[in-house]
Structures are given as C-alpha cells and as structure tokens.
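**Q** Given the sequences, and given the hints that come with them, work out the whole structure.
What follows is the residue order along each chain.
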Amino acid sequence: MSDLFDYPFLVRGFISVILLAPLLGGISHLVVARRMAFFSAALGQAAITGVCVGLLLGEPLNAPYGGMFGFCLLSTLAMVYAKRRSKLPPDTLIGVFLALTLGLGLCLLVAVTRQFNVHQVEAILFGSLLTVTDADLVLLVIAAIGLVVLLFRHYNDLLLDSLSTPLATVRGINSAYLEYGFAIVLTIAILVSLKVIGALLVEALIVVPAAAARNVATGTRSYLLWSVLVAFVAGAGGLLISTRLLVPTGGAVVLALSLIFFLTLAIGSLRRSA
Amino acid sequence: MSKDTLLEISGLTLRPAREALLTDFSLTVERGTLHAIVGPNGAGKTTLLSAVLGLIPFDGRIVAHWTGRGRMAYVPQQFQIDRTLPVTVTDFLALSRQHFPVCLGVTSATRTRISLLLERVGLGGIETRTLSVLSGGELRRVLLANALDPLPELLILDEPGGGLDADAARWLDETLVSLKGQMTVLMVSHDSEQVRRIADRVTHLRATDAHRFGGQAREHPTNPTNQTNFTNRRTHEP
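Chains as they are written, first to last, in our numbering: chain A, 1310 to 1583; chain B, -1 to 236.
In short, the hints are calculated from the structure, not lab data.
Just to be clear, a hint being listed does not mean it is correct.
[To be verified] Here are some of the chain B residues that sit facing chain A, going by a computed Cβ distance under 10 Å:
id, residue
1, 79
2, 80
3, 88
4, 95
5, 98
6, 144
7, 146
8, 149
9, 167
[As the list claims (entries may be wrong)] Far from chain A, some chain B residues (derived; all Cβ distances over 12 Å):
id, residue
10, 21
11, 37
12, 83
13, 86
14, 96
15, 113
16, 204
A virtual CB, placed ideally from N, CA and C, is assigned to each residue, including glycine.
**A** In structure tokens form, the structure reads like this:
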C-alpha cells in the first residue's frame, strides 16, 4: 500500500477517489429514489459525443471540458424539458435521446480518430488515473462542495418530490425547479468523474452504491451512509486492482462495486430470514 | 360570494386529453363544512382536485378566500412507493417538519412532534417502520397525519375510505367529523354511505358534466385582500 503513494498520479487518483465517494455516493441514493438511473446512462453516452465535439473544435485532449459540459448540459435540459412536456414514459424519451447522442457520437468519433490516436480517446471512455490533473482535482472539490450545499438546502424537498410530486407541490415546493436543478448537478457530478471512471462506466458509480445500500439500509440516514461507504470502498478497491493488475480504473471500480452489491444482497437476505 | 365561502370555482373546463372532462363547471365550498364530490369513474373527480391543487392546467377560475392560515393540505388516493426504498415513517414526516436534511438525522424536537402526531391518528409506535411495510390503512393514516400538521385551512382528500376495514373507516369518519369547524374539508368519495353519514354538502359529477345538489350556489364579488388566485395556469375572468 505504501508504494501507492510513491507516484504523484496515484496520489491524485487516491484523492480523487476520496472526493468522488461522497460526491457520487451522496448523489446516488437520490438518483435511484428519483428513478434517474437511465438518465445517468444517457448522460455518460452524451459525454462521449461532447468530448468529440470539443476535440473537433480544438480543445486539448487532456481537458475537453468545454465541449463535454456544453453538450451534456444541452442534452440534460432537452431531456428534462421533453420529459415534463411529453406524455410518453420517461425511459422511452431518454432512450430516444440516448440513441441520438450515441449515433452522433459514433459519427464524430470517426472524425476525431483522423486527428488523434484512438488510444488517446480511450481514457475518456474507460477512465485512466494517468490523465487526472491538479485542475481536475480542483474541479472535483468545487463539485463536491456544490453538492453538499445543494443537499443541505434542498435534500428534504428533493426526497419528498421523489416520493410524491403532488404532496411536494401542495407544500409549496417548485417541482420543475428541483428537477432541472438536480439534473444539472447530476450532469456536473458525472462530468467531473469521467476521467477517473470513464464515460461508459460512470453510470455504475451513480447507481450501484445506492442499489447496494438499499439491501442493508434501515432508514434514510443509513441509506446515505451506506451509499457513501460503498462508493468509497469500491473506489479505493478498484484503484488498487487497477494499479496491481494494470487494468482500466473504471472497469476495476465497477467490478469492486458489483462484488459489494452481491455481498450486501446476501447480507440483506440473511438479515430478513433471521 | 358569501363571506363564508372558502373556495370558489367558476367557468372551469378541464381537458386532460383532447376531449373536455368538465365544461363550464362551477362550485362553491363553504367555510368550515365537509363538502363531498361524488360520481362514477371517469367523471373527473380526481382531475378536479388536481386542478384545485395546482397540479394541472385548466381554463376558468379557481379562487380561495383565505382568512387565517391560508394553507392547503392533501391526502392522495394513491401513494405508490418503491418497496425497496428505506424511508421510515419518521423520515417521511420529518421531510416537511425540519429544514435540517433528514439524511443527516431527525432532530429530537421533530421526533417529539412526530410521535404526538402519530398518537393522534392512532399509530403510536410505528415511527421506525419503513413506509413500504405499512398496510394501506396505516399508510392512509400516516398521510392524514402529514396533512393535519400544521393545521390547514383547506383539507383535500381523495377517496379517503378506500381500502379501509370497518374499524378504520369508523375511525376516519369520527376524525373527519371532529375536524369540522377547525377547517374546511373537500373530499372525493365513491362511498355513498360514508358521504351520507358525514358530508354537509354533496356535488355529484356525471360522466360529461357536473350536476350540483345539496347546497346553494351564491355568487358575490370577491374580496381581493383575502383571496388567493391560482395564477400558475390559464384563467379567464368573466
């Protein structure tokens, strides 16, 4: 373990995991409560398209945030707007957006690979600690602080709105404001996590911690604590696996997450049968 | 409008789909009464409540003439929660009763308030149970407890007796009767026996229109200083 800290990029990786665990674990249980898991998957795919747009517009390969953030924000606002206006089920609408952004992303990826080596783009798709910079860590800190502030101010409203929008509306809560606001925060959380986890797998770190926490949580407080704990243990464990076995960080983290999920599933079953 | 009028609905047209569900509908709810809306499935009872609650757009005019607390509370017909969501009764009731995030803990003052509230609806001791394990009747009581604190000026109930056994239905009747005078109650019900037992006024909705009986439709100028106009939707004044 001690040699882990001999390399600056591994130190940055470990710090990013410490920051990502409360960020994604904290947001995870609200994402699942608000049934936005598929929305997260669509945003991860939109990020790939956003990266391509940014690179084609001349952004540097190690910080393609402009295109990524711009495109994902646009996709987020469009998805929430369509969801609120259309009578179609949300998953159908999000499926349409996912297909659209993925199709566009694949077309643009071909154009991008004419300028860059495809292996350079792989880091965005699968996550790589080697590409995490000090500026990325600063972004992570800002995003984590923003999330804590949001949770402190609006957590109760968000959860009540997730349980019953009519009850929340009668209490004077602006459901539209919450839905757009939370979707934007989720977009930012996903974007700042991409370099570590990768676009293809970021959804896992948004959904699995909450899913694992549900197996063992007995109330809202333990639900949050378990989500954060699962995200942290999987993040740190994935980091170790990734550096020891030289596999992509995102894949290793998701493997660790899946292992923890099945472990909590077994614990939950045992507890219920006891 | 009489000074005893709390809720005034006029020229209301509801179109949840292409065809209008209610057309040019008018209703006056008197202060301190228990006003029931009855009618067959598809007549628009729940949709009417949704319009009053501000959940759907409509054409027409809905005005509440508040005199005191100016607060509306609602007990929905359905409250379908994810069975795996670990939200306890205390967590749920605390969401509307403390600013501190419930995921970080429920304050002792809020816990005391919730315990008293649950005692009031005959559910003392269920604080740590999750919502998903409650029976339909228990959940209905928890929702009623949630609606009664703080005391609203207008309580709106959608099929409050649905799924209740005889004892629970009797308890509900007694509770609603005891609330008369403290607040105005507007409820939708399929249960004609319950309506006959406890309602002061009844509005019957037919499948395509509304036919009113059991009350006087009195129209007076509104007092702009004491009214809440439901402004977040389309309205037209005569």
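**Q** Against each hint, give a clear statement of whether it holds in the structure.
**A** Against the structure, the hints come out as follows:
1. 79: Constraint on residue 79/B satisfied, holds at 6 Å.
2. 80: holds, 7 Å
3. 88: holds, 8 Å
4. 95: holds, 9 Å
5. 98: The hint holds - residue 98/B has a Cβ within 10 Å of chain A, the shortest such distance being about 8 Å.
6. 144: holds, 7 Å
7. 146: Violated. Min distance 13 Å.
8. 149: violated, 14 Å
9. 167: Where the cut-off is 10 Å and the nearest Cβ of chain A is about 23 Å from residue 167/B, the hint is violated.
10. 21: Answer for residue 21/B: holds, closest chain A Cβ roughly 22 Å.
11. 37: holds, 20 Å
12. 83: violated, 6 Å
13. 86: Violated: least Cβ distance 5 Å, not greater than 12 Å.
14. 96: Incorrect as stated: the minimum Cβ-Cβ distance to chain A is 7 Å, not above 12 Å.
15. 113: holds, 16 Å
16. 204: At about 25 Å from chain A, residue 204/B clears the 12 Å cut-off, so the statement holds.
When the structure is compared with the earlier hints, violations turn up for hints 7, 8, 9, 12, 13 and 14 and for no others.
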